[in-house]
Structures are given as C-alpha cells and as structure tokens.
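A.B. asks: Using the hints, put the two standalone chains together into the complex.
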Amino acid sequence: MSIPRFWRSIKSRYNLIATKCLSCGGTYFPPRAICPKCRRRSRLEEVKLGGNGEIVSYTVIHSPPEGFDHKGPYIMAVVKLDEGPCLTTQIVDCEPEDLKIGMKVKKVFRRIREDGEAGLIHYGFKFKPRGDG
Amino acid sequence: MRVAVIGVGLTKFGEHWDTSFSRLFVEAGARAIEDAGIDGGDIDAIYVGNMSGGRFIDQEHISALIADHAGLNPVSSTRVEAACASGGLALRSAAMAILSGMHDIVVAGGVEKMTDVLTERTTQTLATAADQEWEAFLGMTFPGLYAVIARRHMYEFGTTREQLAMVSVKNHGNAIHNPYAQFHRKITVEDVLNSAMVADPLRLLDCSPITDGAACVILASEEKAKEFTDSPVYITGSGQASSTISLHDRERITVIDSTVNAGKEAYKRANVEAKDIQVAEVHDAFTIGEILAIEGLGFVELGRGGPATEEGITQIGGKIPVNTSGGLKAKGHPVGATGVAQAVEIVLQLRGEAEARQVDADIGLTHNVGGSGGTAVVHIFEKG
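From first to last, the protein sequence lines are chains E and A. Numbered by numbering that gives the first Met the number 0, the letters in the first sequence go through residues 0 to 132 in order. Numbered by numbering that gives the first Met the number 0, the letters in the second sequence go through residues 0 to 383 in order.
Hints are not guaranteed to be accurate.
Distance condition first, Cα-Cα at most 25 Å in a straight line; then the derived SDA-like pairs of lysine to any residue [as the list claims (entries may be wrong)]:
#: 1; chain 1: E; residue 1: 103; chain 2: A; residue 2: 121
#: 2; chain 1: A; residue 1: 263; chain 2: A; residue 2: 382
#: 3; chain 1: E; residue 1: 105; chain 2: A; residue 2: 132
#: 4; chain 1: A; residue 1: 11; chain 2: A; residue 2: 351
#: 5; chain 1: A; residue 1: 11; chain 2: A; residue 2: 34
#: 6; chain 1: E; residue 1: 105; chain 2: A; residue 2: 155
#: 7; chain 1: E; residue 1: 79; chain 2: A; residue 2: 244
#: 8; chain 1: E; residue 1: 36; chain 2: A; residue 2: 251
#: 9; chain 1: E; residue 1: 99; chain 2: A; residue 2: 249
#: 10; chain 1: E; residue 1: 70; chain 2: A; residue 2: 199
#: 11; chain 1: E; residue 1: 10; chain 2: A; residue 2: 127
#: 12; chain 1: E; residue 1: 99; chain 2: A; residue 2: 11
#: 13; chain 1: E; residue 1: 79; chain 2: E; residue 2: 69
#: 14; chain 1: E; residue 1: 103; chain 2: A; residue 2: 156
#: 15; chain 1: E; residue 1: 47; chain 2: E; residue 2: 120
#: 16; chain 1: E; residue 1: 47; chain 2: E; residue 2: 94
#: 17; chain 1: E; residue 1: 70; chain 2: A; residue 2: 303
#: 18; chain 1: E; residue 1: 47; chain 2: A; residue 2: 249
#: 19; chain 1: E; residue 1: 10; chain 2: E; residue 2: 82
#: 20; chain 1: E; residue 1: 36; chain 2: A; residue 2: 121
#: 21; chain 1: E; residue 1: 79; chain 2: A; residue 2: 127
#: 22; chain 1: E; residue 1: 99; chain 2: A; residue 2: 250
#: 23; chain 1: E; residue 1: 127; chain 2: E; residue 2: 108
#: 24; chain 1: E; residue 1: 99; chain 2: A; residue 2: 303
#: 25; chain 1: A; residue 1: 11; chain 2: A; residue 2: 73
#: 26; chain 1: E; residue 1: 79; chain 2: A; residue 2: 254
#: 27; chain 1: E; residue 1: 79; chain 2: A; residue 2: 250
#: 28; chain 1: E; residue 1: 99; chain 2: A; residue 2: 254
#: 29; chain 1: E; residue 1: 103; chain 2: A; residue 2: 127
#: 30; chain 1: E; residue 1: 127; chain 2: A; residue 2: 121
#: 31; chain 1: E; residue 1: 79; chain 2: E; residue 2: 24
#: 32; chain 1: A; residue 1: 263; chain 2: A; residue 2: 277
#: 33; chain 1: A; residue 1: 225; chain 2: A; residue 2: 270
#: 34; chain 1: E; residue 1: 70; chain 2: A; residue 2: 264
#: 35; chain 1: E; residue 1: 127; chain 2: A; residue 2: 251
#: 36; chain 1: A; residue 1: 225; chain 2: A; residue 2: 41
#: 37; chain 1: E; residue 1: 79; chain 2: E; residue 2: 127
Derived Cβ-Cβ restraints for the label pairs, each shown as a range [said to hold, decoys possible]:
#: 38; chain 1: E; residue 1: 6; chain 2: A; residue 2: 77; range: 30 to 40 Å
#: 39; chain 1: E; residue 1: 3; chain 2: A; residue 2: 225; range: 53 to 63 Å
#: 40; chain 1: A; residue 1: 250; chain 2: E; residue 2: 97; range: 26 to 36 Å
Simulated from the structure, these hints should not be mistaken for lab results. Built from N, CA and C at the ideal position, the CB exists for glycine as well.
In isolation and in its complexed conformation, chain A is listed as follows (with noise of 0.2 Å):
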C-alpha cells in the first residue's frame, strides 16, 4: 500500500486551560493545512480520534462540531474511538478512505482536552478503557492494569525496577529537544525510584501526565500527492488487531497479543520487517509499555526489552530509536490525539525535520494501544 503524507501539525501538548477543545483542534489542523499548502476546499473528508469528549468535556458529536469550527462544513466528518488508540485508528481509517478510492485528500487528526475535570474524574474515565464490570468496577485502575503486567514481567524475566525507570530518563531526555512536549525536563532513575508510588511497582514518573492537545496530517493519493510535493513521506503499511478486553483473559499477560498481530499485519503489507525500521514510536503511556512493544513489534527477543533499554539501544543514536519525541510519557498524552502525534514525529524524522532529535533513518513506525491492549494499531511510514 502507498499512501501519501503531504502535511503535518500540532498543538504544543499540556495544560491548555485558555483554549477549548474545537480551538485545539483547529490550530493543529490550520497548521496541516498550511504544512501541506492545500486549501480548505480541496479536503474530502475528516478522520477525528477522540476517547472521550462524552466525558471530558460532556460533548459528543465531536465529528459535527469540530468540521464545523475548521470551517469545512459540508465535507464528511466521521469520529472513531478505540480508547487511547483513537489517534492510530483515525490514521488507518483516512488511510483506507483514500486506498478504496472514494477520496483523493483526507484529513486524520486527534483530539482531546483532559484538563477541564478534576483527576478522579480522569482516572474513572481512562479506566472506562478497561472492563467496566469485571475489572474497573472491582477497584482496578488503568495504572493498576500496567503494574499488574510490570510485576509478571519482572517474575518471568528478570526485567528490574531501574531498567523500567531507564525508559521514562530515556523519553524525558528526547522531550527536552522537542518544542511541543509537555515536559522539558531532564530526570534520573533516582528521581523515578523517589516519585509517589501509584500502583505498585508502577510510580508517578513511570506514568505518561494528563495532556490537553491535537494532532493533524493530510494525506493523499499517490497521484494527487504530486500536485502539492516532489517528496513526501508514504504510508506503506497498516495493521490493527483487537484482543480480549479484560486483562485476565489473555493468556499470558505479559506479551501484548494485538501488538503482536498488528506489527505482522503492517510488516507484511509494507513487505518490510522488524529489522528493518530505523526508528519508531511506541505506547509508553507506562514505562512497561514500551518494553512490552520493543518485544511485541519484534525489535527484541520476548523478556529482553529491559536488557535493551538498559544497553541503549532505543536511544537516540543507539540501534533503534524509540520514541524520539519524547513519547506519551514525556511529550504528553492527549489520548485521542496520540495516535496521529506519533505520525506526526515520524514523518518529522523522515523529513529530516526532527531538528536536535534528528536521527537517520527512512523507516518508520508507529504503535497505538488501546485500553491493555485491547486494541493495537501499527503503522510503516517511508521517504518517498
């Protein structure tokens, strides 16, 4: 499969507390629009990812409202959800808009404002992630979910509580070169061990922050790509799998199985393999997660995702990058706009636009997780 990027744009992710969630959306889109030099009107259609506006901001209908602010009405609006893999979700589906020929230049964006409610409020809305009745409703939390697999995947393979630590010092140091992260700050595994615990092993600053923020790109045909750009980025692979909601029906707990099937799927029709990516960003929305995706997508052996991130290998620099913009954890975690943020940092790196994070690379790949894995969304992208 072949299709273009042509545009990308963002908001700075944080606490956006003058800004609504409509206007996030529109700056991240304006900013596509112009990165592509398109014009409103030559847009088909808008992909938006959002988890929860229904919660967060009590606003369903999010597809209506936000095609209506950028101004674009009567362009088709269609909003999808799959938790905190919306983003990815909304990529693959403006992607296929464009595959089946319907569409020539569609719009896939991300959204979400999270700071408007108080922090039970969000911690009881990204558990919705998780099985209301048989998971939440006991007392479990969305961080409980990752300690409970943290602490397996320790028991089984050895991985240590520093080598956890190493992936949030790793992520915050990329964030420091990245102008829209919510956090500019260098840490160390010391200030990791000492944060607040949250849900044993699991602490504060193994934990991606609460984020208000959006992403958009633009991408096209490969035909119509030409009329705007000699060189874009293309989308050259996608995969999505599903897998048991609740965490205690998989088989094992310690290998997410949607990553797995995902990864095969979008390695296969990219023809590429694991090997073969450069760099890539990941689900860290724990610091586990992004050990458990090093592993899933198949850039290290089944338990060895600890060692690796302790030898360095995921930094920048190192064998292969992983999470050059500083991750969810430290560039911020706006759940709905996840998934499109990390094209965004690929394509930024395959345009050699990455600035002081710039690695070398002309493979890239993304991976969103929904809920503990519920769902998984991977995506290749390749300098054209």
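Bound-form chain E, shown alone (with noise of 0.2 Å):
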C-alpha cells in the first residue's frame, strides 16, 4: 500500500477510530463519509472504540499473500465489537484449536507488516482472546 494512503487511516488503525451516526445511532467502522441508512440525513461524529469484542468466525490461512509468507500458517477472523460494528482482523498469541466461535478477544497493537519497496513497517490493529471465555 502506497505511503500516503496508509498515512491516511493511521489514526482509526493505531486507535479504532469509528464514526457514529447520531440521526440512527449506528457506528462504523472504519470511518465512513456517509450513512449508508441515513444518507442525506447523516449526522456522523468521531468516537473512539473500546477494543473489545467477540469471534463471529475465523480462519487459518495456509497459502499467504506477499508479504505474509515468511511466518506460516496465522488465524484471520471476522470480530464483532461491543460498539456493533465488525473488522477483520488478525488473532494473536493463541493456537487456532484454541479458537471457537464466540470467544472474547479484546485489540493489541502490533507490527502489520513490512513494505519491502518502500521500506516502511506498518503497525495497526490484531485482537488476542480475553481469557475470560
């Protein structure tokens, strides 16, 4: 990803930072310049998530893409957050027959992932289970 389009959404990778529709009360993550319920009537305001949520499914991806084939198999999951909305995201620090539906991860920040080209290491968003079921 080129450096100005990640310099971009730095602020809501590194923080969660999500907009709230305050016409429907429906949060979005991430940010979006529009309502797609409210549409006209859009009245979004940024909030700050609280990093906490649970598993809705998951997966162990064998065959990476560039730039995620130097470490082997890692579990990718679709994760619900409190707040409403879901992201996929990465799941660390957890074997994937450890992992169920439902499970309660909560976010970490971590190295993404290196651009070779441009020399740049991305940081953002991974989730780890809660321990607390």
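C.D. replies: The structure is reproduced here in structure tokens:
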C-alpha cells in the first residue's frame, strides 16, 4: 500500500477511530463519509472504540499473500466489536485449536507487515483472546 | 424482457501458455459468430468482461485491444469490470444495449489470462476483489473470506465438511463430459478432504483453479434474431445487485444478500419463480459458494444447501441440476470470462446440445458473483 494511502488511515488503525451517526445511532468502522442508512440525513461524529469484541468466524491462512509468507499459517477472523461494527483482523497469542466462534477477544497493537519496496513498517491492530470466555 | 441469444462460443479452459489474451478472445468470438451465422459487419457493439488485464498482463484499454484484433473496428467496444462478476455484467450491459433500442446485434464477451504471472501475483490480484485497506492489507485472502463464511455456515446450520466436498465431487464429475473444461478427472470426497489446506476449513479441491479462457455470446433483438434463427434461446430476466465490499460489514455473513436481491429482480423480470428453474450455473468459486448460491436463489431453504447437495438434488438427473458444465471448480474460472461461459452452458442445455451432460430443461439460470458478494448478477434463459 502506498505511503499516503496508509498514512491517511493511521488514526483508525492505531486507535480504532470510527464514525457514529447521531441520526440513527449506528457506528461504522472504518469511518464513513455517509451513513448508509440515513444518507442525506447523516450526522456523523468520530468515536473511539473500546477494542473488545467476540469472534464471528475465523480461518487459518495456509496460502499467504506476499508480505505474509515468512511466518507460516496465521489466524484471520471477523470480530464483532461491543459497539456494533465488525472488522477483519489477525488473531494472535493463541493456537488455532483453542479458538472458537463466540470467543471474547481484545485489541492489541502490533506490527502488521513490512513494505519491502518502500522500507515502511506498518503497525496497527490485531486481536487476542481476552481469557474470560 | 426478451433478448435473443443467437450464437455462443468458448475456448478450451485451461493453461494456454502459447496463446495470447487477444487470441483467446478472438477464438471464442469467431466460434460465436460462426454459430450465429452472422458476419462481422452485422455487429453493432461489443461489451467485454475482464477483471484485471492490468495486473495479469500489464494491459489496460482491453476494449480497443480486442475490437482491433477481432477485426471489428470501428464498432464501439466497452470493457466492464466487477471482479469475478465482470462476465455477467458484460452480458447484462449487452442485453440493455439491445433493450434500449440503440443496437440490434451485440457481442457479450469475457476473457482472462491468468497464467502469465506467478501464483503469488495471482493470489494478490484476486484479493483485489476484496477491500484492499481493511481486508487484504491485514492478511486476508480471497479463499480466506470464503473459509470464514464456510465455518460460520457449519456453525449455524450444521453443514458438514463432507457436504462441502460433495459439491466439488459432483462438479468434477460433470466436467468429465464437457470437452471445454479444464479438468477431466473424477475425484472422491476423500480426495477433497486429503488435499492441501488453503484456508481452514477450505482445501485445494474446494477452490476453483487458475485458468486462461474466453467466452462469447451474440445477442440480438427479437425482431433481428428472426433473420438468423427460428429457435433462439431468450434472455427473459436480468438482475444485478450490490452489497458491502467487505464481508465483515454484512449483517449476516452466511447470506450473500446481493445474490438474493439480484435473483429477486431477475425472477420478477422473467415472471418466474425459483421453483420454475430447471438447470442452473452458479458461482462455485469455492464449494461453499455453491451452497450459498442455491440457498440465496431460493432453490432450497436457508441452511439446507448442505443436506440438499448430499441428497443429490443438484446432480444431473436431480430436481435442479446445478453446474452441469463442471462449474467454476472443474470447468475452470478465467474470472472475466466466467459469467459469459455460464450463459454458453445454459444456452447449450436449452438447445439440447449439451451432449453427455444434457438435462431436460426449458428454463435455466446463471448466477455470477464478484468478490465475496459485493456484486451479483443473475440471468434467466428460456427456450424460444
């Protein structure tokens, strides 16, 4: 990903900044310019998400894309956050056989990948089991 | 709506290391023109589906390239793109060009050349059908998205690993009778379950292959078609719908709502219902995809896709044969060509020209999905 494209999204990648629509109460992550429910009546403001959620479903990637091919199989999941929105994330600090749908997870700050060509190291969120169900 | 299909053509699907992108398109196009009995000069316009000429062969401006190499200048040529649904979109665009009254004879084609680059590049290119910033960038792959759906489907509905495998076994069995298919090899449930893991729970034999190929159909207005054939197949319904680009933004990840909505539109336009469909080509890029399709299109109830596959209702000879061509899984999946190739199979079935895989049908359906469901296109075909 190009440097400006990554740079634009750092706020949300580091701190889970989302948008909340004051018209309908819906929360959207990543931030949106328009609430898809309220459209012209959207009244959006930024909110910071707490970083707690649960696993909706997951997979173990055995055939990784470029940039992820150095570390063997890794876990990717769809996580539903307590505030409502879902996101796609890597799950760490956990073996695949210990995972289950519905498991509580929390956000951690980690290195995501390196951009070999530009020499840039990308940081952002991953999630790990919360240890309480 | 009524738009006639007066000609169809395909290349063999597979690895065409010695054939160029434009040559593939011309080969399929020439067959379709010959089948229709028209002359190149009869053609008013071309719509071509292509997902990623830019990444696979470093070539954009596909529309001009193929019109030029097909010897059809100065006919208007337009490329349409919606990832793996590009072909279905080309078909719909061509049908709309005729329905508008602007054109009488239009080519709907699709082409993809995927084997000129290494597998990592292909994997990355296919992942561009997902959200680059919030799915692919974080390490999600295209098989990974369908694996996430599959696991949730198994959790919610009790769909089994074996039932997923049965989709692949059935489609490989059908492809044996399709001379244009990439694979002609019978496989077993055990073969699927023992194949390499790609994205747990999906294995290699759950996934459609990397394929070169092209497909073309010639569409004509009802009036114009009479000059060339007494018994065309008609497109009587067309539907297209969008959904979130990211899988995680869907209210339910076990339903592809774009499929449901595109299906509803197509059924309504054709004035038919799901139970009227007698043969279908659906988007089985992954085995779970066919199960999602037969549920989303209303052939079976939500959650019943797995058991229905096991009961054999989607086999040739079953209540609703699905993917008689071998599907994306075994016929091959040159992404931009797939939606058009599906139409070719249904036309052959309705004409009674599907040889050893022939089923008894007057009404057929095609279903083409882009990405994890960001786009879906459905068409209904009826015998004239």
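A.B. asks: Honestly, which of those hints from before does the structure not fit?
C.D. replies: 1, 12, 13, 16, 17, 20, 25, 29, 30, 34
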